[in-house]
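Number of protein chains: 2
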Amino acid sequence: MPATKQRSTREAILDRAVDLASEEGLEGLTIGRLASEMEMSKSGLFGHFGSKEELQLATIEAASHRFAEEVIGPVGDQESGAERLRGLCDRYIGYMERQVFPGGCFWASVTAEFDSRPGPVRDAIGEKVSAWVGALEAEAEAAGFDDPGQLAFELYSVAQGANSAFQLFGDREAFGRARAAIARLLAR
Amino acid sequence: MPATKQRSTREAILDRAVDLASEEGLEGLTIGRLASEMEMSKSGLFGHFGSKEELQLATIEAASHRFAEEVIGPVGDQESGAERLRGLCDRYIGYMERQVFPGGCFWASVTAEFDSRPGPVRDAIGEKVSAWVGALEAEAEAAGFDDPGQLAFELYSVAQGANSAFQLFGDREAFGRARAAIARLLAR
DNA sequence: ATAACGTACGAACGTTCGTGCGATATTCTG
DNA sequence: CAGAATATCGCACGAACGTTCGTACGTTAT
Chain A
1 MPATKQRSTR EAILDRAVDL ASEEGLEGLT IGRLASEMEM SKSGLFGHFG
51 SKEELQLATI EAASHRFAEE VIGPVGDQES GAERLRGLCD RYIGYMERQV
101 FPGGCFWASV TAEFDSRPGP VRDAIGEKVS AWVGALEAEA EAAGFDDPGQ
151 LAFELYSVAQ GANSAFQLFG DREAFGRARA AIARLLAR
Chain B
189 MPATKQRSTR EAILDRAVDL ASEEGLEGLT IGRLASEMEM SKSGLFGHFG
239 SKEELQLATI EAASHRFAEE VIGPVGDQES GAERLRGLCD RYIGYMERQV
289 FPGGCFWASV TAEFDSRPGP VRDAIGEKVS AWVGALEAEA EAAGFDDPGQ
339 LAFELYSVAQ GANSAFQLFG DREAFGRARA AIARLLAR
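Chains A and B supply the protein sequences, listed in that same order.
Residue 49 in the working numbering sits at position 49 of the first sequence; the count goes up by one each step and never skips.
Residue 213 in the working numbering sits at position 25 of the second sequence; the count goes up by one each step and never skips.
Bear in mind the hints are in silico, worked out from the structure with no lab data behind them.
Quantities reported herein were computed from a predicted structural model and do not represent experimental measurements.
Treat the hints with caution; some may be incorrect.
One side only, chain B facing chain A, incomplete, derived with CB under 10 Å [what the hints assert, rightly or not]:
1) Gly-282
2) Glu-301
3) Ile-313
Computed beta-carbon distance windows for the label pairs [said to hold, decoys possible]:
4) Gly-176(A) with Met-226(B): 45 to 53 Å
5) Pro-118(A) with Ser-229(B): 29 to 37 Å
6) Arg-305(B) with Gln-78(A): 31 to 39 Å
7) Gly-238(B) with Thr-30(A): 20 to 28 Å
We put the beta carbon where it would ideally sit given N, CA and C, even for glycine.
Please take these sequences and the hints and turn them into a complete structure.
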């Protein structure tokens with residue numbers, strides 16, 4: 001079963017790539033380093049992707065899957081609207097708190113890295129982030145908030161702030177602050 | 189006047205370095221590229237700093253000066269407390285909106301880049317950011333808010349969110365959202 | 001049996017990185 | 001005006017970067 005073997009190798013690479021990129025960035029994610037961590041040759045690993053950019057794009061895709069599994073999937077059984085919105089926010093903060101990615105929120109890292117570098121990588125990041133904020137907004141709308149876009153923006157901001165404070169200062173208190181802010185926002 | 193000449197060259201270098209770093213990051217800030225943009229030799233430029241890390245630290249210092257000039261200085265004549273806090277927030281959002289740094293908020297960029305890399309550079313960034321958030325908190329306290337730390341965290345978060353949305357999506361509306369959120373926070 | 005394919009390898013390419021060394025030009029000091 | 005100090009230069013280095021090459025080993029298909 002070569003297809004299986006291939007895919008599992010590729011997936012193992014990407015699993016590690018996502019962790020590495022969350023700490024070192026998508027540019028700091030180096031083929032040589034990734035290869036040595038996977039105990040592969042550079043060329044063997046490189047063959048799975050064909051270019052560094054393809055590796056970066058595949059890494060973004062893999063991170064998106066992990067994010068969906070950790071944050072969106074678990075609230076699938078909750079009713080759309082206020083309840084699911086609360087669940088999403090809960091999982092969102094929890095995902096940062098237990099460091100699903102070792103370098104903190106993957107999207108915070110790579111957004112800051114690529115927001116001044118136009119190209120396919122930046123576009124791919126933008127699509128993922130936009131889809132996530134859009135999901136928050138959609139639930140806010142279903143919950144009947146009168147300015148869902150504003151609410152989604154603030155929820156996203158507060159989560160970003162908590163991630164930043166935790167990653168830079170190790171300040172776990174930031175998660176409590178974020179939850180308090182979110183609770184107040186959702187209670188309006 | 190050699191000291192003057194030296195310092196002005198060094199300052200000119202750092203002025204460009206700060207702009208470059210806000211777009212490419214402190215690691216992407218490369219001595220070769222910086223030298224060619226300054227129309228200097230690599231070694232000539234390198235002599236001013238002695239190591240890349242020293243260049244990074246000096247760049248952080250220069251960015252801090254520019255930030256202080258643009259955001260903190262202009263509100264010096266306002267009365268401490270609610271008035272100055274409002275002024276600081278105003279200048280804070282304005283500083284992002286008119287892109288004092290071409291890559292957006294310098295601190296947002298370098299924080300995300302270095303928050304997983306312990307060392308003197310990360311420490312220097314942490315001190316600057318902490319001083320800024322501390323300043324917000326101090327004004328919040330002077331203004332009589334009952335949880336200044338929480339307020340400072342939320343103000344900082346919302347500004348971060350606006351910067352992120354603007355840099356990634358070019359979404360200027362985010363500044364309006366940020367101002368609305370801030371106004372609501374300050375009116376409590 | 002043999003042809004084709006997927007996967008991995010080691011070696012090398014050209015480029016860029018940060019960093020040193022010695023020489024030259026400019027400027028300040030006595 | 002002589003000499004010390006400073007600023008800048010060209011050049012070279014070793015390492016790491018992304019990428020390409022030719023090759024070898026299994027597995028699958030013919």
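Here's how the hints hold up against the structure:
no.: 1; hint: Gly-282; verdict: 17 Å, violated
no.: 2; hint: Glu-301; verdict: 7 Å, holds
no.: 3; hint: Ile-313; verdict: 7 Å, holds
no.: 4; hint: Gly-176(A) with Met-226(B): 45 to 53 Å; verdict: 47 Å, holds
no.: 5; hint: Pro-118(A) with Ser-229(B): 29 to 37 Å; verdict: 30 Å, holds
no.: 6; hint: Arg-305(B) with Gln-78(A): 31 to 39 Å; verdict: 38 Å, holds
no.: 7; hint: Gly-238(B) with Thr-30(A): 20 to 28 Å; verdict: 26 Å, holds
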